[in-house]
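Each chain, written out:
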Amino acid sequence: MKRLIDIMMEEKRDVLLSVLFGVLAGLTSVALFGLSGFMISKSALQPPLYIITIMTALLKLFGAAKAGSRYAERYVSHRATFTILSNLRVSFYEKLEPLAPRIFGKYRSGDLLARIVGDVETLQNFFLRVFYPPLVLVIVFLSTVLFTMFYSVWIALVLLAGLLFTGFIIPGLLSLKQRNVMRGVRAKRAQLSTETTELLYGFRDLKLHQKLDKKQGQLLEMANSYAGEQEKEGVQAAASQSLNAAAALFVSFMVLVLGAYFVTIGELDGLLLAMLVMISLTVFDNAVPMALFPAHFEETRQASSRLFSVVDEPAPAPKKQRLDEERAFSIELKNVTFTYPGEERPALQDVSFKLPAGTKTAIVGPSGSGKSTVLQLLLDMYAVEHGDLFIGETSIRDIQSESIWSQTNVMLQANHFFYGTIKDNLQIAREDVTDEEMKEALRVVELPFSLDDPVLEGAENVSGGEKQRLALARVLLKRARIWLLDEPSSSLDVLTEGRMFNHLLKAAEKDTLLLISHRLTGLEKMDQIIVMENGRIAEAGSFGELMAKQGYFYELKQMERQVIE
Amino acid sequence: MKELQNWAFAQKGIIGALVGLSVLLGTVITGQAYFLVHAVDAVFLQEKAFQAIIPLLGFLLGTMAVRVFITYMNARLGVKLAAIVKRHVRTLLLHKWTSNPIQTAIQGQSGGKVTVMMEAVDSIDSYYREYMPQVIKASIVPLIVLAAVSYTHIWSGVIMMITAPFIPLFYIIIGIKTQKKSEEQLGQLAAFSGQFLDTLQGLQTLKLFGRSARQREEIQRSSLGFREATMDILKIAFTSTLMLEFISTLSIGLIALEIGLRLVVFDSISFVSAFFVLVLAPEYYTALKELGAAFHTGRGSLGASEKIKEELQTDDHAVQWGIKEVTAQPSLALENVEFRYGDGFAVKTVNFRIEPGARVAIVGATGSGKTTLLNIVAGLFDPLAGEVLVDGQPRHQFSEASWFEQISYISQVPYLFSGTIEENILLGAVGQPTREEVEEAVRKAGLKEMIGELKQGLDTSVGEAGRGLSGGEKQRVALARAFLKKPSLVLFDEPTTGLDLKTEQILQRSIDELAETATVITVAHRLHTIQQADVIFLMKRGEVEAAGTHTELLDTSETYRLMVQGGGAQ
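From first to last, the protein sequence lines are chains A and E.
Just so it is clear: in the first sequence, position 537 is 537 by UniProt numbering, and no numbers are missing.
Just so it is clear: in the second sequence, position 218 is 218 by UniProt numbering, and no numbers are missing.
Simulated from the structure, these hints should not be mistaken for laboratory data.
Because the structure is a prediction, the values reported are computed rather than measured.
Keep in mind that the hints are not guaranteed to be accurate.
[Stated by the list, open to error] So the derived label-pair ranges between C-beta atoms look like this: (1) E/LYS309 to A/VAL494: 41 to 47 angstroms; (2) A/ASP312 to E/ILE173: 50 to 56 angstroms; (3) E/LYS309 to A/ASP285: 38 to 44 angstroms; (4) A/ILE169 to E/GLU228: 38 to 44 angstroms; (5) A/ASP452 to E/LEU169: 44 to 50 angstroms.
[Stated by the list, open to error] Simulated crosslink set (DSS-like; lysine-lysine; CA at most 30 angstroms straight-line): (6) A/LYS214 to E/LYS444; (7) A/LYS557 to E/LYS502; (8) A/LYS214 to E/LYS324; (9) A/LYS215 to E/LYS309.
[Said to hold, decoys possible] If you only want the chain E side, here are some residues facing chain A, beta carbon under 8 angstroms, derived: (10) LYS113; (11) PHE196; (12) LEU203; (13) SER223; (14) THR249; (15) PHE271; (16) SER273; (17) PHE404; (18) GLY472; (19) LEU562; (20) VAL564.
Yeah, the Cβ is synthetic: ideal placement off N, Cα and C, and Gly gets one too.
Working from the sequences, and respecting the hints, build out all of it.
Right, dumping it as structure tokens:
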């Protein structure tokens, strides 16, 4: 919460203005109704006409001031809210940036990002619904209490007690209950979402095994109990609000009773009774919404603790070495064993191989054999646990990750493209890339795009094969000397794949290249082929050697020949 | 809007109760003002003793309590209405999906469907929880208050009647003027808010290209853009509230002035009546303003209801079933079977016969309708025209349970449910197999070694969608299901890409073993499979182009020859 307040206070001016206008709106509204009560009482006593005229004019003035300051309050507080949202995003990005991409490995499910975005958006409510309304409430109330004190200390005390109850004690007591109710809703929601996913994705298997009706029944039950939990939450909210409203009305009632009593014993001028009752009724208008305070408070508290727990990861210890010179480094794995966090079976077991500088190597093997894990480790996305990994002569434990990334041309299985234009997406390859170079790269990868063509969200207007070629164009522009390519041509047809390979090999002629592939075509040109299975190296050698040996690779090749499309 | 209303009005009891409560609320509000005014009047002008007003105070306390209670019940009924409708809509959706296999089977859309089930249904909540009770309350309460005021002092009532239409009128004018603008803005808003997610998703790419630090300004720029766009919309909303506030303040002022003048100058109204009108006037205008605000709340649910409507409106093609029992090892035939999904893939006039115990292969290019055909044979889709015959009789005469008892379907991506490995294998079981039988199936499916490596063996949890198991291992779990089930018809969608060698060998061996006691229909991608087949159906653009054994087809079909040789020559 403290960090949240720090971020919020960057907008000190708008925060103060919001409070100021909020207080002004609250006070003018109290004044408006108080005055109208006073006026009507005064009128009953047959005052001169000018008194009525003056009071009516005052009423108009207060009315206008109230409406105006309410408008200003809303405007400023919302502007502040959205500025705070912007600051939150920036500040969160600044914290997340040094931890990426490693952190994505830890939270492998894709919904981490959606959750972050959602949580940040929830936090924009912190200022609007949690922080400043209580502040305004207290100031307005205390001013009203102070004013009332001139007429009756007792009534002032009743109002003060009312503030304590409606503003603090009742919401405070309710917040505990709120926490439990919300936990219930969340748990049921997660269950229902999981079950729905299972039913939809597993539909065929469920149907064939005659388990669909049972699953459907379970799901309906869950949908009902989720709605039930939400209902509980709704009833709880209604009860909170009603409780607060009841308390507020009761206070106004007590003001009336006390006031009436003081009037009858002559301690209060009857003229003021209507005014005091009207003041009390109005001032509590501000307090009733406080019943929802616990819900908002709880929501933002959870969002902020979730968010900051993501970025509270200790940053990895700084490493010293940089891969400064631009050359084709050699790469070597020595007895590397690696298990993904939270998994039982190791993804790599005792893997050793060497890629001499300037050579071309392919890693092949079925899905789940550990091919991509090698690449993840090479990119320092995960720390090597057992064994060691060398780039050039330096252990990866000593090399700064940024310097590895800057020295490599990487193509992952899923490449991200940003909302914008083709040019925006190619430009990130290198600082000084020119339009001509980009056009040339597009020509080489046979994409008919122009630089100004739009790229939609998630590059949904670009097909799978086009995405791969666009990613290829991007790495071709980068000009680093180590190439790490994870199934770069899986969505291309065989002929296009062959042509792209030729471009790649030409561009990487003097560089170190590691290609991960589950197809076995076009590997004849590789200096070395490493065959992996079950996290181990099954075989390694050149294409000719492996075929001559008639071992594992040979069998895979035979199997591939069996496949017809 | 119409669906939302229909769902609400189906709950006549709740709607009736809401109306009743609103009438009561109007009465109570009037009563509260009445008692309050009389209490003040008694001590202020009539200078009565405190004891004299105690009954009045008692009544006042009573009306206040009732008012709070009604507000609570109103909210509660809204919540209840929302819960009932949400349950109803979820049941409708689920029923639609489970009875409409085609729609559900298109896997790419499953994510979107989960969103409809969760978010879209939750988004209609506010319509019932807030909008409906608010609209009902705001349409009834002002009428009662107006009646009470008019009865007391007709001129105040007239002022109220004259000024009231300005509020909805103003909403309409603002609405027309701003709707277009706000719709334009909404598109922009979506783009801005998507950008933060886009940047986070691309953070890995940015890091790899050393561009991540730069993106900070980009986020700030788009967030501030988001702020400007949002503020433009909000400004309109705030201005309209401001104007409404002015209208109501002005109206209350008019009323106050009028009764004030009468009270002082003409002395033609009593203090009690004047004060009563003055207390009720704000209640009247507040209720009207709420009515305006309610329409705003209601709009938010519209988009969601559209999405739900879309889901519910798609065509229904439930598979038909009867009551006859399927005998073991039935013969199968397809007669003039036709099928199509929307305007996508189609299968046209397919005819073929499959004898019990035969090994059948279906081959053809991507999109030629092979998998669709397999789904029709499996009884997951009903043909749009033509018949599937089981032992010479239409399949819809047989019972669903006895049909599926005979079938195993091994798809390219078998779905594993969250639960243990054993639970996933048991999905295939008919009756209650012993642990030994499960272990036997595990051994036959070549899973024994893998399971042996796991600390908890068969009791290891696989997690949602079988995370942690490779594609080949999932296929073997599906095989184990089949071994446990001992089906008389095996449908097999052969993997298009190579699995690990071991799984490939196990698949071949297992299918051979299953074929000893079952008819096997394979969508084939392996030379081995088609060479073994008793009959091969070659599909082309939704039709059977040729049928025969491998050697026959090599002779008679050019398409087949090219396909087989093209694959083998790679």
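Checking each numbered hint in turn, tell me which of them this model violates, lowest number first. Violated: hints 16 and 19.
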